[in-house]
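Engineer: Listed below are the residues making up each chain.
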Amino acid sequence: MAKLTKKYGDNEVLKGVNLQIAEGEFYALMGPNGSGKTTLASIIASVRSPTSGQIEIYGKKPEHAKELIGYVPQENFSSPVLTGAENLMYFAGLLGYSKSAAQKIVEELLNKIGLTEDASKRVADYSGGMRKRLEVATALFPDIRILILDEPTTGLDPSARRKFLGLIQELRREKTTVLLITHIGADAELASRVGLIDDGQIIADDEPEKLKKASGLKDVMNIETTIKTEEVANILSQFSEKKRVLETDVGYRVYCQDVDKATPEMVRALDACGCKATKMDTEKPSLEDVFFKLTEKTVREVS
Amino acid sequence: MTATFGKTIKEFIRQKTILFWTIAWPILWVLIGSFSFTGNAPSEIVAYIRGAIALSMSVFALMTAGIANLPGNIAQDRERGLLSKLMSMPINPWRDFLGRILALLAFSSLAAILVTLVGYGCGARFSYSLTGLAQALGFLLLISLAAAGIGMLIGTFIKHVHGAIMSGVGTAVVTAAISGVMTPYASLPWLLQQFARIYPISSASAAITFLLVGKDYAGYDPLSANQTALTVVISLLLFVGGLVAYSRFCWRKE
Chain A
1 MAKLTKKYGD NEVLKGVNLQ IAEGEFYALM GPNGSGKTTL ASIIASVRSP TSGQIEIYGK
61 KPEHAKELIG YVPQENFSSP VLTGAENLMY FAGLLGYSKS AAQKIVEELL NKIGLTEDAS
121 KRVADYSGGM RKRLEVATAL FPDIRILILD EPTTGLDPSA RRKFLGLIQE LRREKTTVLL
181 ITHIGADAEL ASRVGLIDDG QIIADDEPEK LKKASGLKDV MNIETTIKTE EVANILSQFS
241 EKKRVLETDV GYRVYCQDVD KATPEMVRAL DACGCKATKM DTEKPSLEDV FFKLTEKTVR
301 EVS
Chain B
1 MTATFGKTIK EFIRQKTILF WTIAWPILWV LIGSFSFTGN APSEIVAYIR GAIALSMSVF
61 ALMTAGIANL PGNIAQDRER GLLSKLMSMP INPWRDFLGR ILALLAFSSL AAILVTLVGY
121 GCGARFSYSL TGLAQALGFL LLISLAAAGI GMLIGTFIKH VHGAIMSGVG TAVVTAAISG
181 VMTPYASLPW LLQQFARIYP ISSASAAITF LLVGKDYAGY DPLSANQTAL TVVISLLLFV
241 GGLVAYSRFC WRKE
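Sequence order for the protein chains is A and B.
Quick note on this note's numbering: the first sequence kicks off at 1 and runs consecutively.
Quick note on this note's numbering: the second sequence kicks off at 1 and runs consecutively.
In short, the hints are calculated from the structure, not lab data.
Incorrect hints may appear among the rest.
[As the list claims (entries may be wrong)] Simulated restraints on C-beta separations: (1) N18(A) <-> R252(B): 26 to 36 Å; (2) N92(B) <-> S237(A): 54 to 64 Å; (3) D206(A) <-> G170(B): 29 to 39 Å.
Glycine is no exception: its CB is placed at the ideal position from the N, C-alpha and C atoms.
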């Protein structure tokens, strides 16, 4: 796609996006809510039209390449009153398969997503992870060459999320082109290439490790604190690169240049303001940290 | 089309609230009406009053299916992202539409038959010829089409599921009450009598009562050439209006 824009009234959601995804590539588009990533995915899936710019899928416009695209929107679109198998048979019917061909394909798909034993259960009785796997299966019918997944792991518990990502990794081995839309750095790490999108523009685009390396971030310290106040954030920012700290659910992430030197000083400074660090650990920077460094915005909303 | 038909009819049949409001509730009113509203009537006409009650509740079942269940189904599919998913697939919106309408017709016919059978079990009797029966079936189809048209308009413009269902139920109940579907035409004030003649569901319902129970129970002549033409034209206009709104706005690319 080249110079792709999308406007809703005066609101420009996409501002000249240029992007090329190769066949068989696993591309993750990561950004916060409102950054334009879902709009971009829905334009590729032919659900929305761009305001200007060019987009081609295997040399065709999206509306003429629908048979090649398997789009999985963010919402749970499967029918809860139908069984898993009935839902897939419905989509097979829409795609024009005969009943016998559809039954064979549905059987294979259920096997692929590990839902064979639950095929006759109503979707209302599925867990969130099972339902999402079923919905991905609706985009895996033969002839589909591009899988577009919009925030597929949102709302899944950690176990269901891992299982789901395992399925995506298997698809990657089958050389399906995957476009993953996410705001979760750990999900984007699985991709062969990651685009960071902010305010309708792709601000960085590379392999995950290269993005991290290019960011110049060294160690990241996770600090759980007894209290979270502006004063605590200010103290910790003295030890962080460019005086930026990221607030998390339980404390802060501090971007240290020298963790060994900074740790005792940080503990002392926190003690002095009446705040205890209940847990401190160090880890390598994530893609979310890279995004934070580039934009000073968090990808995920923190509570 | 077959896929959408199968999915939609299963969704109608497997949801208890839909079954209750479309089938159980009219049946309940047939039971109540057949034994409560005939107390002072001469015994020779009780069976026909019961027939008129059974028919009016069958019409109400058709109204509920089209005006409340259909928009609920459309709004549900939109709210849960299914319409987006369908738009990304190489399928024809008209086939999806036909599948939905055929499922609606099948389900509402089932509801109407069950309600009529219960009425028959309660002592309802009808007086008709084969031609009259065929004409009545034609008017039943018009009711379904008009109700589907109103339902598609509601489902297209009211985005949320509960809003769409509640608006549909409200529209069905209020219009049935003020147009003579659930009340005798003669008891309506002049203004509502005019509405009853214009509202095609009411005029078609009166035509069915006229054909299957007798002209005294319809309150006016709904089979006059002008009235029949009005019923047919407005039914089709509502249906086409709903169809155009559904295909243009629900399947429109933003």
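Engineer: Run every hint past the structure and note whether it holds.
Structural biologist: Hints versus structure:
Judged by the Cβ atoms, the range 26 to 36 Å given for N18(A) and R252(B) holds: they are separated by roughly 27 Å. The hinted range of 54 to 64 Å is satisfied by N92(B) and S237(A), whose Cβ atoms lie roughly 58 Å apart. Restraint check, D206(A) to G170(B): a C-beta distance of roughly 56 Å breaks the suggested window 29 to 39 Å.
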